[in-house]
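Protein sequence lines correspond, in order, to chains A and B. Note that our numbering gives residue 230 to position 230 of the first sequence, counting from 1, and the numbers run on in steps of one. Basically our numbering = 1-based index in the second sequence + 471.
These are calculated hints, taken from the structure and not from any lab test. Some hints here could point you the wrong way.
As the list claims (entries may be wrong) - Selected chain B positions facing chain A (Cβ under 10 Å, derived; list incomplete):
hint : residue
1    : Gln-509
2    : Leu-522
3    : Lys-547
4    : Leu-550
5    : Tyr-552
6    : Ile-553
7    : Glu-555
8    : Val-557
9    : Ser-570
10   : Gly-593
11   : Pro-688
12   : Thr-690
13   : Ala-691
14   : Leu-692
15   : Asn-695
Unchecked claim - In silico lysine-lysine, DSSO-like type, Cα no more than 30 Å apart, as pairs:
hint : chain 1 : residue 1 : chain 2 : residue 2
16   : B       : Lys-479   : B       : Lys-579
17   : B       : Lys-579   : B       : Lys-608
18   : A       : Lys-464   : B       : Lys-579
19   : B       : Lys-608   : A       : Lys-464
20   : B       : Lys-579   : B       : Lys-492
Unchecked claim - Far from chain A, some chain B residues (derived; all Cβ distances over 10 Å):
hint : residue
21   : Lys-488
22   : Gly-577
23   : Gly-615
24   : Gly-635
25   : Leu-700
For each residue, glycine too, the CB sits at the ideal point set by N, CA and C.
The chain contents come next:
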Amino acid sequence: MLTSIAQKEFISTLRDRRFVGLSLLVLGLLLAATLVGRRGYAALQQERAAAQHTVNEQFAHQPGRHPHRVAHYGSFAFRPKSGLSFLDVGIDSFTGAAVYLEAHQQNSVNFSPAQQAGSLIRFGELTVAFVLQALVPLLIIFLCFSAFTEERETGTLRLLLSQGATMRQIAWGKIRGYSQAVALVVGPALGLAAALLFAAGSPARGLDLGLRLGLFGLGYAAYFFVVIVGAVVVSARQQHARSALVLLLGCWMLGCVILPKITANLGAHFYPATTKAQLDAEVHAETQRGIDGHNPHDAHVAAITAALLRKYHVASEKELPVSVNGIVMAEGEAYSSRVYQAHFAALNRTYARQNALADWAGWLNPYQAIRPLSMGLVGSDFAHYVHFQQAAEAYRYQLVQRLNGLQTRMGYGDKERRLGAATWQNIAPFAYQAPPVGWALPALLGPALALLAWVIGLSWLGLKLVERTPL
Amino acid sequence: MSYILEAKDLRKQYPDKLALKGLNLQLAPGEVFCLLGQNGAGKSTTINLFLGFIEPTAGAAFINGLEVASNALKIKQYLAYIPENVLLYPHLTGLENLSLLSSLAGFKYRESELRDYLGQAGLPAEAMARRVGTYSKGMRQKVGIASAVAKHAQVLLLDEPTSGLDPKASNEFSELLRQLSGQGTAVFMATHDIFRAKEVGTRVGIMREGELVDVRPTTALNTNELEQLYLTYMQ
Chain A
1 MLTSIAQKEF ISTLRDRRFV GLSLLVLGLL LAATLVGRRG YAALQQERAA
51 AQHTVNEQFA HQPGRHPHRV AHYGSFAFRP KSGLSFLDVG IDSFTGAAVY
101 LEAHQQNSVN FSPAQQAGSL IRFGELTVAF VLQALVPLLI IFLCFSAFTE
151 ERETGTLRLL LSQGATMRQI AWGKIRGYSQ AVALVVGPAL GLAAALLFAA
201 GSPARGLDLG LRLGLFGLGY AAYFFVVIVG AVVVSARQQH ARSALVLLLG
251 CWMLGCVILP KITANLGAHF YPATTKAQLD AEVHAETQRG IDGHNPHDAH
301 VAAITAALLR KYHVASEKEL PVSVNGIVMA EGEAYSSRVY QAHFAALNRT
351 YARQNALADW AGWLNPYQAI RPLSMGLVGS DFAHYVHFQQ AAEAYRYQLV
401 QRLNGLQTRM GYGDKERRLG AATWQNIAPF AYQAPPVGWA LPALLGPALA
451 LLAWVIGLSW LGLKLVERTP L
Chain B
472 MSYILEAKDL RKQYPDKLAL KGLNLQLAPG EVFCLLGQNG AGKSTTINLF
522 LGFIEPTAGA AFINGLEVAS NALKIKQYLA YIPENVLLYP HLTGLENLSL
572 LSSLAGFKYR ESELRDYLGQ AGLPAEAMAR RVGTYSKGMR QKVGIASAVA
622 KHAQVLLLDE PTSGLDPKAS NEFSELLRQL SGQGTAVFMA THDIFRAKEV
672 GTRVGIMREG ELVDVRPTTA LNTNELEQLY LTYMQ
């Protein structure tokens with residue numbers, strides 16, 4: 001029985017010119033967004049890889065220099081785009097792409113696409129995620145708003161019921177039929193994404209990306225199911241198609257536009273983030289209380305020197321087998337790094353709290369459940385950004401400390417000497433490995449459970465309401 | 472005697488109106504009962520009660536001995552319903568519509584069998600694979616009749632089936648009802664059409680303000696007498 005009703009809905013939908021027109025439009029947008037996104041991804045990835053190669057070469061081919069000069073010369077870490085980020089750019093447009101790695105300072109990631117783009121970026125980008133999250137639900141609304149109202153208005157609902165079908169069976173049949181129609185619109189775009197992905201990826205990385213893409217598709221299937229069930233239930237509970245359409249469009253507006261804005265504003269209100277200027281000022285003030293490696297009159301420096309003299313049982317700095325400056329630099333770096341880490345961690349905690357509020361909103365709004373899930377699965381969310389930030393900082397810290405170690409081993413009077421050019425070629429360049437999907441999943445459990453709750457809750461409650469709907 | 476359709480003191484009270492005032496009625500297999508009455512007399516309410524779409528305030532409706540209210544789903548296998556305007560699904564063909572309706576009733580037919588049923592109902596072969604959106608009302612009625620036959624319904628509930636049909640289509644429809652009646656199907660038809668009621672009915676009932684005020688065998692009076700009787704009750 002369900003199959004017959006589903007088949008009827010599917011065939012009727014395919015023969016409805018209005019739906020076919022709208023579907024072709026959405027499918028066209030999806031395919032265009034996939035292709036354009038993939039192209040943009042490839043170009044950006046190439047640019048960043050080339051830039052990373054250039055700075056690595058420049059670093060490795062420095063002339064003979066003092067190690068601390070090299071530490072200040074520094075390097076850059078470019079964030080590679082996630083292989084699936086062409087489907088959902090997430091926060092990538094607003095977070096930076098490159099971080100300058102230098103001594104004494106933990107810089108933030110800069111040069112975001114939004115910084116370099118015009119003001120039009122405020123209107124959003126046409127991405128696969130945008131089409132899937134906002135436009136496909138609109139298509140579903142136009143497909144389903146008259147699911148029951150039309151049957152009621154034309155009398156076919158009574159005909160179906162008189163044949164022995166129940167309201168619940170009719171509703172499930174419709175949900176299944178509409179799901180098939182939506183799959184026909186969305187499927188080709190995800191198929192194209194998979195083809196593009198596997199045509200160019202390495203097998204090892206391909207497995208992880210394939211798993212991410214599979215879960216991405218599963219997440220959106222659940223999201224569309226929720227929208228379809230919701231639209232069918234509203235159609236069943238409304239007497240007229242027009243009122244069902246108005247109500248559904250209102251829900252779309254509330255879910256896709258108003259609630260996310262309110263949540264973002266509430267997050268910023270309850271958990272205000274420190275501004276960059278404030279952060280810089282606070283970090284500067286705190287590092288001033290630590291060791292200043294460049295100040296020979298710093299009290300901490302005198303204490304370190306005295307300790308070294310005691311340790312090596314010598315009377316003067318000249319007799320030490322190590323460079324006091326190198327050790328002071330290493331201590332100073334460790335201190336300033338701790339200060340930076342503490343402040344960045346506090347800032348990240350604030351952002352995480354803001355994001356957590358948005359995640360909780362997923363229990364009220366399926367759009368806000370699929371959004372973090374989508375970003376997290378493609379690797380363009382805040383957690384993946386922080387992962388890169390921390391990897392870049394870990395590299396910066398070990399690079400600077402390695403250079404400080406080289407300086408330390410140069411002994412007294414190191415400032416007057418240089419290390420050979422070959423030294424820098426022995427230092428491994430920054431190589432970032434994005435985390436696997438298993439790393440990302442625990443953080444995505446909340447939105448995934450919220451979406452699952454929507455699927456189960458709406459199916460149960462909605463279908464109960466449909467069952468009790470009077471003719 | 473066992474009745475295929477029966478109403479015992481059937482009563483329906485809406486918040487603002489007493490729609491049916493204790494209806495008592497029995498139909499035997501093969502009988503064609505035509506219920507005449509003005510709009511709002513309670514004809515459609517009676518059909519809805521037999522279909523189980525609404526619950527009676529008092530009394531009970533029975534189909535094949537089963538009380539409708541407590542067997543709303545089971546009784547559907549015995550009856551077929553054809554509303555005043557059978558719209559069906561305009562994007563599906565006649566064959567597809569019949570296939571859908573039959574499968575909902577639990578019957579899966581091959582295309583040749585579906586064509587046979589539609590042919591029996593008088594639908595031209597060339598129209599069967601055409602979308603129903605291009606059908607006339609008479610053609611849609613024929614698909615409705617075909618679905619009743621394909622379902623092997625023992626009771627046919629018809630709500631103003633001939634309204635809006637041209638005389639030729641009405642005649643064809645009457646002929647189909649006679650055939651079904653001859654095969655043992657009981658027909659309960661709510662109508663305004665006195666001529667058609669006299670022509671196909673075995674009994675005719677007149678309903679006024681929710682009350683069945685008169686029931687006569689159609690053989691007991693001619694069309695003019697039936698019209699006079701009807702007009703007398705409607706005054």
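Hints versus structure:
no., hint, in the structure
1, Gln-509, "violated (21 Å)"
2, Leu-522, "holds (6 Å)"
3, Lys-547, "holds (4 Å)"
4, Leu-550, "holds (7 Å)"
5, Tyr-552, "holds (4 Å)"
6, Ile-553, "holds (8 Å)"
7, Glu-555, "holds (8 Å)"
8, Val-557, "holds (7 Å)"
9, Ser-570, "holds (8 Å)"
10, Gly-593, "violated (19 Å)"
11, Pro-688, "violated (28 Å)"
12, Thr-690, "violated (31 Å)"
13, Ala-691, "violated (32 Å)"
14, Leu-692, "violated (32 Å)"
15, Asn-695, "violated (34 Å)"
16, Lys-479(B) to Lys-579(B), "violated (36 Å)"
17, Lys-579(B) to Lys-608(B), "holds (26 Å)"
18, Lys-464(A) to Lys-579(B), "holds (29 Å)"
19, Lys-608(B) to Lys-464(A), "violated (35 Å)"
20, Lys-579(B) to Lys-492(B), "violated (41 Å)"
21, Lys-488, "holds (17 Å)"
22, Gly-577, "violated (7 Å)"
23, Gly-615, "violated (8 Å)"
24, Gly-635, "holds (14 Å)"
25, Leu-700, "holds (31 Å)"
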